[in-house]
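Got chain A; can you put chain B on it based on the hints?
Which chain is which? The protein sequence lines are A and B, in order.
Mapping the first sequence onto this note's numbering, position 17 (from 1) lands on 17, and the numbers just tick up by one.
Mapping the second sequence onto this note's numbering, position 145 (from 1) lands on 145, and the numbers just tick up by one.
Some clues are possibly wrong.
[Claimed, not checked] Covered by chain B, according to a simulated footprint, are these stretches of chain A (three or more residues, beta-carbon under 8 Å):
#	stretch
1	50–56
2	65–76
3	156–166
4	171–181
[As the list claims (entries may be wrong)] Below, computed lysine to any residue pairings styled on SDA-like, alpha-carbon distance capped at 20 Å:
#	chain 1	residue 1	chain 2	residue 2
5	A	90	A	23
6	A	189	B	15
7	A	80	B	83
8	B	50	A	160
9	B	60	A	164
10	B	46	A	159
11	A	90	A	106
12	B	46	A	157
13	B	60	A	69
14	B	85	A	79
15	B	60	A	73
16	B	60	A	134
17	B	85	A	35
18	B	60	A	51
19	A	80	B	72
Bear in mind the hints are in silico, worked out from the structure with no lab data behind them.
For glycine and all other residues, C-beta sits at the position ideal for the given N, C-alpha and C.
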Amino acid sequence: MSSTKFFARNRDLKRLGCRSQQMDASEREKYRAAIHGDREAFEMIIRTHSRTLFAIAYGILQNREEAEDVVQESLIKAWKMRWRVRDPEKFPGWLSMIARHRAHDVFRKRRPAPVTHEALEMSDANTPDTLAMDQQLLSALATLPELHRAALTLRYFEEMDYRTIENTLGLTNGALRGILGRALASMRKQLRPALASTD
Amino acid sequence: MATVHDEIDNWLAADLYGELSEEDQRQLHTHLVECVACRKAHQETKTMNKILEETLAPQKPDPAFEQRMLASFRNRIPERSGLIKLLADLMRMRAAQVTAVAAVLFGLVQLGRMITGETATPSAARDRYANEQLFEQPAQVAATSKPGRAGTLGKSDELAATRTSGNVHCRAGS
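Isolated chain A (complex conformation):
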């Protein structure tokens, strides 16, 4: 389905008062079984959701190893606390929330990374060199609020549409439009000199 058609379909569904991402019966049953302790169902959820959790954790931490640890711990916590979820439809959102909170805790406890001489040189250079550009882009990404970073990584890692990102991050309808707009605008401003040199 083309993105334009998808957006138009979303609008139609919204007008009709339907949720485009309504969970189908089999999916609902899978979450219900996992909540009731079905290991096989939970392992299926690990297979389908661990990349999404990684994207959220990476967005907040910008470190692959830490993000992977966060996903592992979030899954363990979710298994131990699964009985707290009463509505199976809320399970994916609840899982994402665990990962977000865990990543936030790791981020808070983390010692500030020492700024190396090379990193400083790279950020000052403003060269069109790819490595320097990557470094500047990651630095610009790091200045964004946690939620904005998580939304961006979900988009770039998982190629999720707006509605899916909103459901995953538990955002209200339409909030993501502003979040991504502000995130891209902020990065654009920070990277303007470098972007001009690449044109």
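The following block gives chain B in isolation, referenced to the frame of chain A:
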């Protein structure tokens, strides 16, 4: 009402990620033709998107990521034996929790009765007994009550007698 120019950042992001309808796309591109500043922002956004894609691509998890997550889960949460698993899962269900609490309360009540030696008296019989006592005449009460009786039953007899005589006095007065 906000124009495309006022909310250009949101429009550019939505356009980039394919979230605009055909009508919205037309509206945006009409504005971009007219506005130099927004056209420049549009170009910068597209360039930045390309760099973002290239920079973030190597950071994506490798193909074995899910398997690693599964293995880690299996290592840290080993599967339990049948009976323990059944009991643990049962205790997590709301109905089982309510039943367990009710069973504990019932047990405590029974224990209390065993200690105090009190037997459960059906409430209907207790009420009938109280009514009989209430409508007995004070003289009859005095005749039936034995001076040697003590304890709660004797006291309740006295109380009933007092109330009845009080009622009689009130009726006589009126």
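Results of checking the hints against the structure:
no.	hint	verdict
1	50–56	holds (count 3)
2	65–76	holds (count 5)
3	156–166	holds (count 4)
4	171–181	holds (count 4)
5	A:90 - A:23	holds (10 Å)
6	A:189 - B:15	holds (19 Å)
7	A:80 - B:83	holds (18 Å)
8	B:50 - A:160	holds (17 Å)
9	B:60 - A:164	holds (19 Å)
10	B:46 - A:159	holds (16 Å)
11	A:90 - A:106	violated (24 Å)
12	B:46 - A:157	holds (18 Å)
13	B:60 - A:69	holds (15 Å)
14	B:85 - A:79	holds (13 Å)
15	B:60 - A:73	holds (19 Å)
16	B:60 - A:134	holds (15 Å)
17	B:85 - A:35	holds (14 Å)
18	B:60 - A:51	holds (9 Å)
19	A:80 - B:72	holds (15 Å)
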